[in-house]
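J.: Chains as they are written, first to last, in our numbering: chain A, 1 to 480; chain B, 1001 to 1404.
Read the hints as simulated data drawn from the structure, not as lab findings. Treat the hints with caution; some may be incorrect.
Some chain A residues well away from chain B (every beta-carbon gap over 12 Å; in silico) [to be verified]:
hint, residue
1, V51
2, R195
3, A424
Covered stretches of chain A (chain B as the covering partner; in silico rule of three or more C-beta atoms under 8 Å from a C-beta of chain B) [stated by the list, open to error]:
hint, stretch
4, 1 to 13
5, 56 to 69
6, 305 to 315
Cβ pair distances, simulated, as ranges [stated by the list, open to error]:
hint, chain 1, residue 1, chain 2, residue 2, range
7, A, A238, B, L1122, 30 to 40 Å
8, B, P1264, A, L37, 44 to 54 Å
9, B, W1072, A, L120, 52 to 62 Å
10, A, S81, B, E1035, 36 to 46 Å
11, A, V114, B, L1122, 23 to 33 Å
The beta carbon of each residue, even a glycine, is placed where N, CA and C say it ideally should be.
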Amino acid sequence: MVFTTYIFVFYFLPTVLLVYYTLPFLGRQLRLSEDRLSLVRNAFLVVVSYVFYGWWNPWFVLLMLAVTVVNYVCGRILGASQGNARRRFWAVTVAIVLSLGALGFFKYFMFLEVNASRVLEWMGADSLDVLKILLPIGISFYTFHALSYSIDVYRGTAPPVRSFIDFACYIALFPQLVAGPIIRYNTVAEQLVRRSHTWERFASGVALFALGFGKKVLLANPLGGVADAAFGAQDLAASDAWFGVAAYAFQIYFDFSGYSDMAIGLGRMIGFEFMKNFNSPYLAESITDFWRRWHISLSTFLRDYLYIPLGGNRKGPWRTYVNLALVMVLGGLWHGANWTFVAWGAYHGGLLALERGLGKRSLYHRLPRPLRVASTFVLVLFSWVLFRSTDLHEALGYLGVMFGAGAAGGGAVLLPAELYTPGAVAAMVACAILVFRPLQAYQWAETVTWPKAVAAGATFCVALMAMFAQSFNPFLYFQF
Amino acid sequence: MAKRPDVHVGVSATFMVLIAAVPLVQAVSELLRAERPQALEVFCGVPTPTSLRAYESDLEAASVVAGRLRPWVQYAQFDLLGAGGEKAAVGRDGWWFYKPGLEYLTRRPPPPQPGDEPNDPLRTILAFRDQLAARGIRLVVMPVPNKESIYPEQLTRRAASADVVVCRQTRELLGQLHMAGVDVVNLFEVFGSAKRCPGTRSEEALYLVQDTHWSPAGLAVAAKAAAGRLLGRGRVQPGTVPYGVLPAPVQRVGDVVRMLQAPPIERLVGPEAIACEQVFRGDTGEPYKDAPDAEVLVLGDSFLRIYEQDEPGAAGFVAHLARARGGPVTSLVSDGGGATLVRQELSRRPRFLAKKRVVLWGFVERDIRFAAEGWPIVPVPEAGPPRPPLREEGRAQRTMGGAS
């Protein structure tokens, strides 16, 4: 199910919220203890989250359930094996291997097959029959959630979960299930048992959800059409290529940060507090700074569960550069099984290593701040070309057009009719104003006042009406 | 600080009322109509991805609130931002364009996926030509340019000096057809010349301003070119039927505007005045009618239907082609199915080929890539024995939604 759809907003969400907030009254009638009531509420959240997830394809629920069971059982073994290091090691290894095995099979097996087939063809042998595998939505996210639990319990930074229901709730919790933020178990372990439900938190969640909804429907979706037109164009002029990639930069930011805002907002509505996922990323002054601000839950996850275990910066400068590059390549591959994502990760990894070699400063750190921000934005735009293109050939072609290598004939003369519509230009201007301001929705919605309530309400109403006139537009990060 | 809680309660309550009111209004309206609330249908049957998608889209399509608001939202988007929604592109000076037609010109074809049916117009056209040739019938192909190809300057200022745009895929197909010796009525050249050197109806554009289709002036130019092609090489003999024309002006809101399904926009834009010319027989005074035993069969899509089978009648391409060649033709029309549906229809009704010497096959340019049924090869059966003419036998139409 997608947050910005009629069925979610008008059927799923009100039903969930009404039942969720009715359960305490029921609990009082049945004289349930606070602990019991929290379990009942979590059980309800598990059921609705499975409905939410199964809405895409009911069979995918079984895979998520299997990952949940494996990591729960391993967590129990870890909890019961204090002092038995060998047993603990094997328990966490099984959890990691099975979880990553599922992710690897569903996400990367076809990629490996296709590439193996190409190599065989190149060697003159018969190509393989490629087995088509349907990618379960959100598998990258819930696998990381599950891994975070097993590793946190193994490291002793979080206690084993009290019940299977709590654990299933953590893995499947619908607000962050399919596109994050990546919630680490140790940050919500306590909230799963006890969380507060206040009008203040609910209202803050509503405001954040409304802003996220507006970001997606009013900004990301119209700019998605512009990016599609530019990246799908037969012939393209250089100016159109720059406009198209800028539109994609705004689209992916407002799409993904909009989703994160909605997820955090929905979490607040049911008493959870999730981590902030974005912090004005396009105000970054270097690529290092960009990764402190973009998809924070992924970058910190990779830092804590991959970069540091690899040795981080503790084994000398060259090993640090290799670690940075490796982590970013794997981070790229996490986004999708395509060489474009590998190239995207390698590009960022290379720039991070370069900046590390310069003392965590950019090549252009002597420039005035606006130019540092602009330079970083341009570097990020190049990476979005890799990210958005369907293959490396297309990406290189697009980058070539950006530098004047394209033929502007044929359909290129008509492209402005798709790119520079008044709506698209208005959305671009609005995005440019919003992304280069330090204030973020996350902070804005922390305290709700009447003027903010009116602004958020107006945004939500306008976005709802715009949704009625739009076709189905899933979030970009659903594919990852 | 007594004010704070009020804000929070107010925001929370307003939000809940807003999101809960829509399904409640829907349920009440369905109950008032003595219907079971549609939302409950999710519990009928085993959920599958397909059934869930269908349920979701049905629920939204039936929504009273969304249905009421959608036209006004579209109106606001059009009025404030010049946006034409998912299907329409709003051009300059009041011109409207069909987005798939624009996308055909601007977008790359997607790479073929393993297991996909081949979508090769050239292969199909050559096969059709050979199938007809085996029956002694000559094929003449007439790709009808997208409106966007002929009037690019009405879409964007950048195309002001572009005259006519022939995109790569169309150019390739025309070249391949030429190389393969297929008879082609090249309307890109014809319309390009007509734009540059306007004739007697120079004041009129070749396409309608609000519609995907050609104007009476455009179809007259096309009919003249097609007739010239048929007669020029002796494919068919000039007829002797004296046809005349009468002015038959109509007013209609164009199909691109109607696709938005937003009456407020239709009212704002208003209908377009169209100066049709109805063709009639000079000897009997009757409006033009097809003849089942004519030498020429015309196959096509809604470009053949417009003005011919809808208002004012006998004023479309077919009638004007008959007038230009001096004799009636037979026509088979399938809205939105110029590439394949019309050939499938012909395959089911072989008597349409009886006594034919030439088949003139028109399809809209964007079908080269976007044909709804692709470009499969369809068998052409032997023409059956001549049959007594039936009422309206010479004219068949299958109407499908959307533009041709």
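J.: The structure should be examined with respect to each hint, and the outcome stated for every one.
T.: Going down the list of hints, with the structure as the test:
The Cβ of V51(A) does not lie farther than 12 Å from every Cβ of chain B; its closest approach is about 9 Å, which violates its non-interface assignment. With a minimum CB-CB distance of about 17 Å to chain B, R195(A) clears the 12 Å threshold, and the non-interface call stands. The beta carbon of A424(A) is not kept farther than 12 Å from every beta carbon of chain B, the shortest such distance being approximately 9 Å. With 7 residues carrying a beta carbon less than 8 Å from a beta carbon of chain B, the stretch 1 to 13 of chain A meets the three-residue requirement, and the given coverage holds.
Note: the stretch 56 to 69 of chain A has 3 residues with beta-carbon separation from chain B under 8 Å; the three-residue rule is met and the coverage holds. Counting residues of the stretch 305 to 315 of chain A whose C-beta lies closer than 8 Å to any C-beta of chain B gives 0; at least three are required, and the coverage claim is violated. Range check, A238(A) to L1122(B): Cβ separation about 33 Å, and the 30 to 40 Å hint holds. Evaluation of the 44 to 54 Å hint for P1264(B) and L37(A) yields a pass: the beta carbon distance comes to about 51 Å.
Taking the beta carbon of each, W1072(B) and L120(A) are about 59 Å apart, inside 52 to 62 Å as hinted. Between S81(A) and E1035(B) the beta carbons are some 60 Å apart, a value that contradicts the proposed interval 36 to 46 Å. Remark: the range hint 23 to 33 Å for V114(A) to L1122(B) is upheld by a beta-carbon distance near 29 Å.
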